[in-house]
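Residues 1 to 652 (UniProt numbering) are what the sequence shown spells out, left to right.
By construction, these hints were calculated from the structure, which means they are not laboratory data. Predicted, not measured: the structure shown is a model, and the values here were computed from it. Treat the hints with care, as some may be off.
[Unchecked claim] Label-pair ranges, simulated between beta-carbon atoms:
(1) Glu522 x Ser558: 37 to 45 angstroms
(2) Asn34 x Asn331: 44 to 52 angstroms
(3) Gln220 x Tyr368: 29 to 37 angstroms
(4) Ala371 x Ser160: 24 to 32 angstroms
(5) Asn472 x Glu512: 53 to 61 angstroms
[Said to hold, decoys possible] With a cut-off of at most 20 angstroms between alpha-carbon atoms, the simulated DMTMM-like pairs for lysine to aspartate or glutamate come out as follows:
(6) Lys419 x Glu487
(7) Lys159 x Glu208
(8) Lys148 x Asp228
(9) Lys577 x Glu589
(10) Lys159 x Glu21
(11) Lys459 x Glu365
(12) Lys616 x Glu560
(13) Lys498 x Glu487
(14) Lys145 x Glu126
(15) Lys419 x Asp448
(16) Lys148 x Asp24
(17) Lys446 x Glu385
(18) Lys165 x Glu400
(19) Lys459 x Asp499
(20) Lys165 x Glu25
(21) Lys577 x Glu560
(22) Lys597 x Glu566
(23) Lys498 x Glu400
Glycine included, each C-beta is placed from N, C-alpha and C at the ideal position.
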Amino acid sequence: MASNMDREMILADFQACTGIENIDEAITLLEQNNWDLVAAINGVIPQENGILRSDYGGEPISGPAFDPSSHSAPAPASAPSSSSAFRPVMPSRQIVERQPRMLDFRVEYRDRNVDVVLEDSCTVGEIKQILENELQIPVSKMLLKGWKTGDVEDSTVLKSLHLPKNNSLYVLTPDLPPPSSSSHAGALQESLNQNFMLIITHREVQREYNLNFSGSSTIQEVKRNVYDLTSIPVRHQLWEGWPSSATDDSMCLAESGLSYPCHRLTVGRRSSPAQTREQSEEQSTDVHMVSDSDGDDFEDASEFGVDDGEVFGMASSALRKSPMMPENAENEGDALLQFTAEFSSRYGDCHPVFFIGSLEATFQEAFYVKARDRKLLAVYLHHDESVLTNVFCSQMLCAESIVSYLSQNFITWAWDLTKDANRARFLTMCNRHFGSVVAQTIRTQKTDQFPLFLIIMGKRSSNEVLNVIQGNTTVDELMMRLMAAMEIFTAQQQEDIKDEDEREARENVKREQDEAYRLSLEADRAKREAHEREMAEQFRLEQIRKEQEEEREAIRLSLEQALPPEPKEENAEPVSKLRIRTPSGEFLERRFLASNKLQIVFDFVASKGFPWDEFKLLSTFPRRDVTQLDPNKSLLEVKLFPQETLFLEAKE
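Turn these sequences into a full structure, and let the hints steer you where they fit.
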């Protein structure tokens, strides 16, 4: 069986030879051929391209071409079984042209993600150059972290790292100050909501723990969690790596100056002077210990600063495992933090990423998003008293292929059913979210049937449990059942995406129609208001005109009534006969006494609708403007006697 490192190399070579970029498809094909690279390639490459020899690192073996008719004949015992199955391959002919393999990197820096796509022939330094342009950070100030093989040089070729297609990295800038914020309180509140990954190295045993803490957690809480993992009491913990600003254990992580999103720390046991002195004596003197000294060691334990209770507590903690999850935990997130830390300490850091939060929050993350972003939910139910637990966790759940497949396609949530209180709590959640049938199925499971793996798919109105996988399975069977569930989910997801797109299209059409209707209403309202304003203006002008006409009519009537009576032709006094031509061509005729004032003529003309302030009265011989004459003079004085023809003309 190939080791994990060999499998990574085989997977990379298989993808390079076949051009298959889907890592899940490549793993499936390799597992079907028991990770035999040649057999897997021969199963993918068409027959006419030729068949590779099994010793693909050596020179091609010449031999007879493969004959289907002779395939059933037994091969000689001394000859390799595959010798007749290989067609000669000339070195100058390439079976498959090697296509450049593209690698996707998602690089996280503070609150920003940068996507980088490069060929596997590029170097790590080229990634940094792209990030320098995107993040405006000099390459010399940039630490690119997250490589599975540890720190790498800038000159390292990506192909040599045997990376999967999709990779997640993060950038640290310890030499750069954190960005300034316009509001310190707002920045602190944002940090309190962030999660910090603390990579803590236990110095004595050379072991790393990856612990997630919220920004609101205190340094004291971190040290207590480390005590649960290492059995080093808080007062005896000797730390390295805390920022200089972290001077108080009551300080929360958000304001302690830790690097985000990841910070490295080292912890060890603090040595007392008596311990240091005894260690130096042991190094300088070769003393053969006998069994009688055991009692003396415990009698002198007080000299080392360790009390009896602590000594026996350390001994007992080494003999029994810490619980995966605290009993009666008030906060599900805190319980899962302990579960993740204990799982890592037992089975290593290569394990599925367990979602930290309540089951309801997990539903929100997996189901209640857009159809394209939905994932299957995998619920892992742990039980420490089952004989299958250790094998299932170490060999199946922590297998790299399973971890990779779960990380890409699932949201994984876990719960420990070892304690009765935690079991009852989960059954209550199960009954509420999955129904009584699933809850009864889990309730009737025997201890040795655990652990269980529930595959759950979110639907429109309910959550459907697609599969319940028991602990007595294999890696291949587990992978096949995960892939089968993924196939069902993908079909449902495509329908949901189609329905969602159609719904969004309908909503877009409805929004467009509503917007058009709203604009139409606004246009109609604006038109109506403009018409109403126009009508109101016309009405106002009409009222003004009527008032002016009424006023003019009243003036005309008053002038008409004030005129002296027209004299008769046979009057004893001299009479002047005036003939006035209007602008329309009509003539006004009237007799006036020669002694009448010129104003009476003006009043007569105004009584006929031609006010003297708008019209002027002209004579022809001589041509003059009569309205410019003194209105108090008589007609005789202005020589409008005995008769005269005048013309009315509008003033300019």
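Next item on the list: Could you tell me which of the numbered hints above are not met by this structure, giving the numbers in increasing order?
Entry: 1, 4, 6, 7, 8, 23
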